[in-house]
Amino acid sequence: MMASSYSAKDEDGHITVSGPGGGTLRNKKPENTAFKQQRLPAWQPILTAGTVLPAFFIIGLIFIPIGIGLYVTSNNIKEFEIDYTGDDTSSPCYNCAKNFSWNNTKSCTCTIPFQLDQPYESNVFMYYGLSNFYQNHRRYVKSRDDSQLNGNIDSLKKPSKECEPYASIDNKPIAPCGAIANSMFNDTLKLFYNDPNGTSVPIPLTSTGIAWWTDKHVKFRNPVGTNSNLTAVFQGTVKPVNWHRPVYELDTDPENNGFINEDFIVWMRTAALPTFRKLYRIIQKKNNMAPTLPRGNYTLVVDYNYPVRSFEGRKRMILSTISWMGGKNPFLGIAYITVGSVCFFLGVVLLVIHHKYGNRNNSANISN
Amino acid sequence: MGMDFSTLRTLISRYCVGEENWVDSRTIYIGHKEPPPGTEAFIQQRFPDNRIVSSKYTFWNFIPKNMFEQFRRVANFYFLIIFLVQLIIDTPTSPVTSGLPLFFVITVTAIKQGYEDWLRHKADNAVNQCSVHVVHHGKVVRKQSRKLRVGDVVLVKEDETFPCDLILLSSSRDDGTCFVTTASLDGESSHKTYYAVQETKAYNTEKEVDTIHATIECEQPQPDLYKFVGRINIYMTNEPVARPLGSENLLLRGATLKNTEYIYAVVIYTGMETKMALNYQSKSQKRSAVEKSMNAYLVVYLCILISKALINTALKYVWQSDPNKDEPFYNQKTEVERQRHVLIRAFTDFLAFMVLFNYIIPVSMYVTVEMQKFLGSYFIMWDDEMFDEELGERAVVNTSDLNEELGQVEYVFTDKTGTLTENNMEFIECCVDGHVYVPHAICNGQVMPGAAGMDMIDSSPGPAAREHEELFFRALCLCHTVQVKEEDTVDGIKHGIHQGKSTSFYISSSPDEVALVEGMKRLGFTYLRLKDGQMEILNREDEVEKFELLEVLTFDSVRRRMSVIVKASTGEVYLFCKGADSSIFPRVISGKVDQVRARVEQNAVEGLRTLCVAYRSLSPEQYEEVFQLLNRAKLALQDRDKQLAEAYDLIEKDLILLGATAVEDRLQEKAADTIESLHKAGIKVWVLTGDKMETAAATCYASKLFHRNTQILELTTKRTEEQSLHDVLFELSRTVLRQHGGMTRDTFSELSGDCTDYGLIIDGATLSAVMRPGQEGSNSGNYKEKFLEICRNCSAVLCCRMAPLQKAQIVKLIKASEEHPITLAIGDGANDVSMILEAHVGIGIMGKEGRQAVRNSDYAIPKFKHLKKMLLVHGHYYYIRISELVQYFFYKNVCFIFPQFLYQFFCGFSQQPLYDTAYLTLYNISFTSLPILLYSLIEQHINMDILKKDPCLYRDIAKNSLLRWPTFIYWTVLGVYDAIVMFFGAYFLFDNTTFTSNGQLMTTNTQMMFGNWTFGTLVFTVLVFTVTFKLALDTHYWTWINHFVIWGSLIFFVVFSLLWGGIIWPFLNYQRMYYVFMQMLSSGPAWLSIILLITASLLPDVVKKVIWRTLWPTTTERIQQGRDNKRYERALAYMSSDSLLME
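In order, the protein sequence lines correspond to chains A and B.
Per the numbering used here, the first sequence starts with residue 472, numbered consecutively.
Per the numbering used here, the second sequence starts with residue 1472, numbered consecutively.
Hints are supplied without guarantee of correctness; some may be wrong.
[Claimed, not checked] Here are the simulated lysine-lysine pairs, DSS-like style, with alpha carbons at most 30 Å apart:
| id | chain 1 | residue 1 | chain 2 | residue 2 |
| --- | --- | --- | --- | --- |
| 1 | B | K1804 | A | K499 |
| 2 | A | K710 | B | K1796 |
| 3 | A | K710 | A | K749 |
| 4 | A | K632 | B | K1804 |
| 5 | A | K499 | B | K1796 |
| 6 | B | K2420 | B | K2175 |
| 7 | A | K749 | B | K1796 |
| 8 | B | K1804 | A | K643 |
Worth flagging that the hints you see were computed from the coordinates, not collected in a lab.
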C-alpha cells in the first residue's frame, strides 16, 4: 500500500489501470458512511489557557514533592570516592603508575589510607571508576564476538572479524576476543578496616551478583566441550594479549569462571560515556545491628595493573550505599523540582494572561 | 504516350486539389490493390501492425527497466547511494537500516507497477485478439484485431468499436453517413455524423466494396483528435478522381458505431499510430506549493546534514591529533586501517557521518506524503455533497498531487457559459428589423418577464418586412448543425419535444442551436430533418418546404459565426449566416442595423446571449465561384484550416441583416453564493469568457461578482479607440491607487463593505494590445505591470471576448506576476482546456460541452457550486494536514538524529550510533509512522460546517502560511530543544552518578550497571513518547481510530522492545539489546526520568500554543475557542438547572 501511493506520481504517461481517477459506470452515488463523509464522532479538545492551567498546577504540585523526595533520598545516600591514579608525586600509587610496564610479571601494590566520617549502613557497593576512557568508541564497542561469549564452539575457534586486531595471535584464536575483553580492568582492590586497637581487619567482598542475571545465565556462557573441564574446553585458544591469566583462570569458583566471570561480564557492558564507574564488589550487611562499614580509618590496597596515564585517564574507587532509587543522584531530584516549579510559575503566568486577555477575545468573538 | 498523358493528368488534378510539397504523408492502397500503372509511383511504406501496446515492460526487461525508472527519482537515488556507501565502507550502522526500507519501497512499487503492467498486458491481449471482419477477395473473413494491416477493408457492425483509425467508404445508409459516439474517447455521448466520400458510398456490399479501386493519401498520424487531412484518388472511372478527406471521414479507434447497421471502411492508421494511442501522452506534471516548500526544506536539511558531517569529521581529526586518543592501548587499529592514507580515512569518516545522520532526510517522508495524497483524494470522491443527482456524477480526482493546493488558491479563473451558468439554453425572443417576437409557449413553467409588453407577430407591418421575417425564420431553421433523432433510444442529451404524433429530439454539440431551433418551432417553423441533402421545414401553414443543403461553413471560435448555403425549391441560392454581433455587423451592408443593434445591446445587458442573423442571396455565378473557392480550400492538404478560413472570410460578406435572437442561459444553482464565499475567503474571481461584454457583465452582476456599488473600470476597445492605451492604463491605475493609497491590500479586503471596490472589464483585443511585446521592450513591460497593478486592486475582473489561448495567457500572466499567486482555472468546455492546463489547479465541470475539460483537469466536479466545498473544506483540510505532516516529519527526525550528533562529542567522534539498529530502522517505519499518517488523513481542526459558513477562515492559511520559514524554524528549534533535553537529561543521569537499577523487581537484590545501549534506549523511549504526544497535542479531532493508532503505536513500541530484548536472536551476530529494555524498566529512576523528560520536552510547545492563542489568536483559533465556550456555557446552564432542581 505504501509504495503504491509512492509511485502514484508515475513520471511516464501511461494510463494507470486503477486509481482514484478510474470512475466506473456503476452507480456513482458515494456511500453515506460517517467515515467516508469525514463525520466520524470525535472528541475535539483544544489547548486553551483554561484547560491547560489546571494541568500545569497539577504537574507542579506532583513534581515538586517528588523532586524533594528524590533530593532528600539522594542526599541521604553516603558516598565516598578516592582517586588512586597516582599521577601526583604525593600519591601513594605514584611509583606504581610511573614504573608501569606491560612486561612486569609481578604486580605493583600500593596502599591508600582513608577515613569514613559516617558509618555506612546496609549493603555497601564498591565501584571502580575510570575517566577519559572511551568505552563507547565505535571501534571499541563493536570489537567483540557475542557468539563466542555465548559459548559457540565455532566462534571460539574462529572469532568474528569484528574482533580484529584482537582476534588471533599466530593463527591461534584469542578467547575472549576483541578490544573490550583485551582491555579488561585488572586492578585488584582490597579493603581493610583499621580497628582502633591497631589491627587491620580485611573486609569481606562479595564478587558475585554484580552482573545482570540474564547476562550471567543466558547471554554469557562457557563453551560446552566434551568434558566439563574449562581448561580443556579452551584448549587451542590463547589469552588476550594484555591479560595475565587465561580466561579459565579468572576465578576458582567454577560458577564464576571463564566467560561467566562477573567481573568480566560487568566490563563487557560498555559504558555510555567516557567517565564511568562499574560495580566491583558488594560489602554485604552483617547480620547484627552494627553498620556494614563503621566510622573510622580504612586502607585500600591496590594491585596496580591497569595503566591509564598514557591517555590521561584517572582511576577511582567508590563506596556507596543505596536507596530505593539507586545510587546518589541529585540531578533527578533537582530536575523534578525545577520542572515542577516552572510549571507552577507558568501556571500563574497563564492565569494572569487568561484573566487579563482571555475574556477580551471571548467577548470579541461573541460580538462577532 | 498514353502513360505520359495520364501522368500529366494526375499532376494536373493533384495541382487542382492543392497539392504542394507534401513530405509527411502516407499512401494507402485500398484492399491492397496497386494503383493503375502510370500513376505516380509511391514508395510503399512499412506500417506497423494493429497491435496496441500500452504495457511498459516485457517479462525480460521488467526488472532492469523498472529499477532504472525508480532510481531516476532523486529521493530513491539518494537512498541508494547511502545504502551503497554503507555496503562499501565500514559505517556505523548496518546497511540493513537503510537497505530494508529502500528495498521495501522499491519492491512494493515494483510489484504494484508490475501488477498494473500485467493488467495492461491482459487488456492489450484482449483488444489485440478480438476478432474483426475483414473483406478479403469479396468475402467477409474474421481476423484477429492485431493482424489488421493498413489498407485492409473492414466491416464494422452496429455497436461495435472501431479497431483502428478508418476512412469511411460506405455505410448501410443510402446517404453514406454513419453515426458514431466517441464516449470512450472524449466522453461526449452525443452522436456525431460521419460521411463517406460521394464516389464510394454506393459500394455497400462486400462484393462491391472489393471492387473499389482507389488509393488514399493522407498525413502521417498526429495526435490531434479533431484534425485530419487526406485525399482519396479513385481510379474506377476513366479519369482518376481526387476527393478531399477530412476529419468528417475519419473514424477513430475507440469510438463506437451507433444507429447504423454496418459500414465498410479502410484501415489507415494502425496500432500505436492510431490517434487514440498517440493521445496516451501525459500531461505536464504540476507541482504544488507545499511540494516546493518541502523541497526547499530538504535542501536546508541536506545542508544541515552535510555540515554536521563536516563538523564532526573536522573535530574528529582535531581530537585524534593526540595519538593516545587516536589509538589508546585498549583500542588499537588494525594494520590495514593504519596504512590507509589520511585523506581516504577522512573521506570515509565523512561518509560514515553522513550515513549516521542520513535519517534526518527520511525515505518514509516521501512514502507518507505520497500515501497521504493518494488516500486523501478518496475523501473528495467519497463526498456525498459533491454528488450531483441530476447528472449522476461525483467529483473525480485525476491527480492527487494537488490536494493541498486547493487550500492555497488566490485567483479563480472561471469560464462563464456552462460553468457559472447552466448552459441550458432557452429561447427568449427574436427581433426582426427591430420588431420583437416572443414565443407563446411558456417554457419550463416559467413566466417570461415582461412578455406582455412586447410587440407580437401580427404587429409587423409592410411587405418588405414581411419578406425579411420569412427569411429570418427560415434562416434560423436552416442555419445550424442540429440533428433530429426520432427514436427514444438516444442516450445522449435529451431534448424531448412532444410533437403530437412522434417524439423526436434535437441533438447538437451546441445548446444554443437546439434552443434556437426549438424556439423557431414554438414560433411555427419546425425543422423536420435532413434527408438526402434536403432540409425539410414545416412552416406555419403546415406545408413542408425543402431546401437543398449545399454547403455548411462550420462554426469556429475565431470567426464566431457559421453559415449555410441552401438552394430553395424555387432555385434561389441563399447564404444564411448567424453569429456574434461583433462578427456580423462589420459584414453587413444593409438592413436595419441600428434598431437591431439597440435591441441586441439591451438584451445583452439583461444577460441574454444574443446572435445576429444575416443573409446573402447568391446568383448561380456567384455560387459557382463560392463552390470553387470552397472546394479548393477543402482539397488542400496543407494548411487546410487556414485556407478554409480565408475562403469563409471571402464568402461571408456583403450580408443583409435580418435580425437577432436572444437566448437565456440561467445561472447555475448557488453560483452567486459560491462566488460570494470565494470573495470572503480572499480569493479573487476572474471571469474569462468568449461572450460579449454586456452579456458577461450582466452575468457578473447576477452572480454577485460585481455589486451595485462596484465601480466598473473599462479597458475595452471602445475606450482605447478614444484614448491611447497608454493613457487609459495610466488613468485607471491612478483612479485605483488614489483610493487604496496607503492601505494595504489586506485591510482593503477586510473593509470591502464600506469603501468602493473596483471591477475591471477588459476585452480580448485590448488584452492582446497590453500583452503585445511592444517595439520598445521596456514600454510594453510597463503596460503589463500597470495592468497587473490595476488588476490587483480590483476585487473582480471580467475578461470578455477571449479566445481560448488568451485565457491561458491571462492565467500565465498572473502566475508570473511577482507575488506568484496560486491560480485555479475552472471550466467545462474545450475552450477552457488551455487555461485548465496552465493554471496551478485545473478544475473541469462535467457540463454539456463534452468531456474535454474533465479529461484535462486535475479535478472534476459536477457543478460550479461544488467548488465552494472543494476549496473551503477539502482544500483547507488538506493544506492543514499536509503542512503538519511535513513539519512534523522534519521535527521528529531532528529529535531523532540530533542526539546522535551530540553523542559524537562524547564518544570521540567515532560515529558510534546512539540507538540500536532495529530502532534506527523502525523509528520512521513503524513506531512513529501511522499516527502522523492518520492525522494527515482525518484531522479536522474546525468542523466542516463552520468552514463552509465562515469563508474568512480560508485567509488564515493563505500564502502557504503554515509552511513559511518562521514556522519551519520554530519546528526545527523545537526539535533541537527536545533533542537537547532528551540527550542531556539522560547524560546527567548517567554521568556523575550511578544510574543504576537496584533490581528490587528482579529476583536478585543487586545493583547493576547500565551501558551505552541502555543510554540509547532511554533516549529513544523518551523520543518515541515525546513525538507521539506532540502529535496527540496537535490533534484536534480524536476519533476512535486516532486513539487506536496513537496508543497502539506506543504499545507496539513497548511490546516490540520487550520482544527484541527478550530473546537471543540466533541470526544476529550481536546481542547488545538483550534485556536492556527490561532492565531499564525495572529501574525506578528510569521511569521517573522518562516522565520528567517527556514533560520537559512538551512543555515549551504547549506554553507557546496557549500564550499565542490567548494573546494573538488567529480567526481559526477564535472560532475553535468560541465553540468551546458555547459548549462550556451550555454545560454551565445545564449544571445550574440541575442545581435548581436539587434545591
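Check each numbered hint from earlier against the structure, then list the numbers of those it violates in ascending order.
Numbers 1, 5, in rising order.
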